[in-house]
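Using the sequences and the accompanying hints, generate a full structural model.
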Amino acid sequence: MTGDLLVIARIAGRRCALAALDVKSVIEIGTVTPIPRAPAWIAGITALRSQALTVIDCRRALGLGGVLAADEWATDHRAVVVAEGGHSYALMVDSIEDITTAAGEAGQVPGGFGAEWSRVATGMIETLAGPALMLDLAALLAGPEVARHEIEAGI
Amino acid sequence: MDDLLADFIAETREMLEASGGELVAWEADPADRARLDTIFRFVHTVKGNCGFFDFPRLAGLSHAAEDALADCRAGRRDPDQQLVSAVLAVIDRIALMIDAIEAGEAFPEGGDDSLIAALDVSHETVSGAGLAGVKEGSNPPLHAPAETLLAANDEAAAPYRRTETATAQRTIRLPVELLDRVMSGVSDMVLARNDLAHRLRQAGNQPTIDGPFERLTTILSDVRDAITRMRMQRIETLFGALPRLVRDLSAELGKQVMVDLDGGDVELDREMIETIRDPLTHIIRNAIDHGIEAPSARLASGKREIGLLAIAARQSGNTISIVISDDGRGLDEERIAAKAIATGLITAAERAVASRDKILNLIFEPGFSTAETVSNVSGRGVGLDVVRQNLEKVGGSIKVSSQPGEGTLFSLQIPLTLSIIAGLTVEVGGHRFAIPQSYVEEIVQGTARALEFTRMGETALVTFRGNRVPCLMLGEVLGVASCEIAASEPTLVMLRLASGDLFALAVEGIHNHGDLVVKPLAPAVMRTGLYAGSTLLDDGQPVLLLDVANIAAQANLVSDTRVRALGTLDEETATTSDMPRAMLFTDFAGRRSAVRLELVQRIETAPAAAIDRSAARPRVVIDGLILPLIGLPEAPLAQSRVRLLRLSDGACELLYAVREVEDAVELTEALHPVPEDPLAEAVTLIGGQPVTLIDAHELFARHGEPPIAAARPRCMLPPGEWARTILAPLVASAGYDIVSEDDADNAAIGIVFDDIFEVAEALGRTLPGRVIRLRDQPDAPEGCETIYRYDREGLLAALAAASRAGIRTGEAA
Chain A
1 MTGDLLVIAR IAGRRCALAA LDVKSVIEIG TVTPIPRAPA WIAGITALRS QALTVIDCRR
61 ALGLGGVLAA DEWATDHRAV VVAEGGHSYA LMVDSIEDIT TAAGEAGQVP GGFGAEWSRV
121 ATGMIETLAG PALMLDLAAL LAGPEVARHE IEAGI
Chain B
1001 MDDLLADFIA ETREMLEASG GELVAWEADP ADRARLDTIF RFVHTVKGNC GFFDFPRLAG
1061 LSHAAEDALA DCRAGRRDPD QQLVSAVLAV IDRIALMIDA IEAGEAFPEG GDDSLIAALD
1121 VSHETVSGAG LAGVKEGSNP PLHAPAETLL AANDEAAAPY RRTETATAQR TIRLPVELLD
1181 RVMSGVSDMV LARNDLAHRL RQAGNQPTID GPFERLTTIL SDVRDAITRM RMQRIETLFG
1241 ALPRLVRDLS AELGKQVMVD LDGGDVELDR EMIETIRDPL THIIRNAIDH GIEAPSARLA
1301 SGKREIGLLA IAARQSGNTI SIVISDDGRG LDEERIAAKA IATGLITAAE RAVASRDKIL
1361 NLIFEPGFST AETVSNVSGR GVGLDVVRQN LEKVGGSIKV SSQPGEGTLF SLQIPLTLSI
1421 IAGLTVEVGG HRFAIPQSYV EEIVQGTARA LEFTRMGETA LVTFRGNRVP CLMLGEVLGV
1481 ASCEIAASEP TLVMLRLASG DLFALAVEGI HNHGDLVVKP LAPAVMRTGL YAGSTLLDDG
1541 QPVLLLDVAN IAAQANLVSD TRVRALGTLD EETATTSDMP RAMLFTDFAG RRSAVRLELV
1601 QRIETAPAAA IDRSAARPRV VIDGLILPLI GLPEAPLAQS RVRLLRLSDG ACELLYAVRE
1661 VEDAVELTEA LHPVPEDPLA EAVTLIGGQP VTLIDAHELF ARHGEPPIAA ARPRCMLPPG
1721 EWARTILAPL VASAGYDIVS EDDADNAAIG IVFDDIFEVA EALGRTLPGR VIRLRDQPDA
1781 PEGCETIYRY DREGLLAALA AASRAGIRTG EAA
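Chains as they are written, first to last, in the numbering used here: chain A, 1 to 155; chain B, 1001 to 1813.
FYI, nobody ran anything at the bench for these hints, they're computed from the structure.
One thing to keep in mind: the hints can contain errors.
What the hints assert, rightly or not - Reference listing, derived: stretches of chain B covered by chain A, where coverage requires no fewer than 3 residues with Cβ under 8 Å from a Cβ of chain A: (1) 1183-1195; (2) 1516-1522; (3) 1540-1546.
For every residue, glycine included, the Cβ atom is placed at its ideal position computed from N, Cα and C.
Structure representation (structure tokens):
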């Protein structure tokens, strides 16, 4: 992992890292068409040229929506475009900070990152710009329901 | 080297598919040189290509088949059943080996010799039998130098070959991803063009730019068409494998079946062809296994020994219909009904009233399968319900009809392509959504009262053409707040599901329709079950495509029970039940009467004001026809609208005014004649109550007359897109026929824009006798007789006034 390029973004006030290879582009987010009856963490769809992007509200996708007031942190007017499983998504984050290089492997910290974060994080990663939480894109895009189902299934 | 191998595999596959059909055709007509040449070329090419690679077994097999076929071509032996089977076996083995090579596996040893021997055995039998006539080559070596044979045969084959190459299409192979990339690139270009068009309009007319821009638009739409067609494939690729399938199946089941393919040049989206491959195969298996009888049974019932399986593809507009028909024993209605009752699909009471058609189509219900013994041909654990599901998934449908003893006909309707569909954009609560056009039966606009909008519990119902149709509020379905005004005057989109169920979807407005490029949605959104995809409108706005079938299913609108419970009040004439059926109604005298259902064309609703009582016999104008009306009470009507049964004897039509239409019923009880009432054919009991059956003969003898076309006033429209798409429907709904300038006579009125009118007046051009002048601005200049072009009330009033004036002048003349 060392030497890999990472995109550093802030979600719910925390520094998070995404593998730059997963990130297709960063766009100015335009009009978002809401999707009635879709889960709350899906903000809607937006157009990128002829492509339709599913807009993900990362805070809610983490499952933090209920805990944190939505306007506690402002949302960036830019979004990170990622592709996963043949579909393209635009991730709404607090802010997009930097592109940097990983300076180590993703590792765990004693005590974990908290339930919501542990679900989507592969671990803490040291970068040239300081430590960040390395995100697992697939887990993030699976949404908070998955975690709940797993817990229910566990019981 | 890998590329070369991949090419070899792909080429061999392609030829394999093509030659399957050729072989069967050749077997049917061994004298057909062209077929023989094609198959020969195939094995020859395989053999030749093997030279590049190290495939000794493949080479050996193709060599042996080539030798045998070369003998046939040289006339040294006649192709017979055994030879064809042996060659088919060799080709099958080649196909398996190709699969193994591609997968990089070792093919199991052995078996080749017996196949080669089979070629040889049949050869020896034939050459032995024809020994007297064969001068030389009665003992050709098994591994003869094929080159020498070839050299000799190539000349003889030359004239046949030339005709072959003329029909072959030149093709190249491309990865589908590349096509998709080009396609999305073109979509991007279209969006960029639309954006540019928008900006150009804002900037005003610029002749130097407009010309080239128009050209760009034309080129772009051409390119878009071509790209779309690139995804298309001839359905031949699917049909190619069918003769072989039919041959093998019929041989296995001891039946004789001839297959007739038609419409192979119809083109279909590549992905769609893959989607219908399994359903089609399944239906063909069924037809041969259950439909077509054994030869002896066929002869016994006076049919030809050989069964006929016809498969035809047709394109009509945006859909492809594929019809698979056989001349077998047909579907057994009684057995299907018994099975359906046994499995609880319908109740015995429902069976009694269901039409044959309805019973037959039960075979597509989940959990239905008639074959008591599961044969290894049709009984594969996959029922026709899966076939229907798969077709519905892509927006298609399937229906079956059958005549006992004469055959069965399956008809499949499938959309042309998965990715581009015609769609309608609707609005609710400020959101826009798209609906596939193929579902839309009709769009109805009107007040809640006119549509007889009622709520039964939580379910809303509307009346459409005399039927109570369930109505879904799109706003409620999606959980979107909709505004109040729209609720009292909804726009209803009548949607017909593939299963035939009809329901209404109430929306707030309809925007436009056009071709939509549908893109898949993220799985999390698909899980809502409400959307089928997303698409971009011309302004670049993304909208969601509603999954109509699923929305209906979630609202429980698809279950058959509901349709049966509601029944249909009219147009049930297609019934094949032996019981005579009648339409039950209450007339204005309060009597319950019935009229034979065959006579009832439709149930009309007319405003009371539309009834003309001036003549001795009342009349009503419906659909531009003046029809006689009977059954009206003497007193003036209390209600504002009156329900009319439109009766027809084939030539004459008349309307029968009724107080209430009840239901379509079967006349099960005895009919008692009533000699004292000339208008009554009989009195019978329906549900224990006496009902008078109207004597149709007497009715038409007294009142019938051929309908007279009512002269509709005519109207000329100004030229242009706006007039055609926006003004014309309004004018037509006001009762006018739209005519072109050439057809217009003096009585026609004209609608012109005021600026045009002024120019024409100034130049002294002739104008229609009466003119309605339109202006572009809402505010009228002083003393000007113009109407703002969106002033609906004003326009309608002017049209009505002009129409009345026209009638007066017409009468005066």
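For each hint, the structure was consulted:
no.	hint	verdict
1	1183-1195	holds (count 5)
2	1516-1522	holds (count 5)
3	1540-1546	holds (count 5)
Checked against the numbered hints above, the structure breaks none of them.
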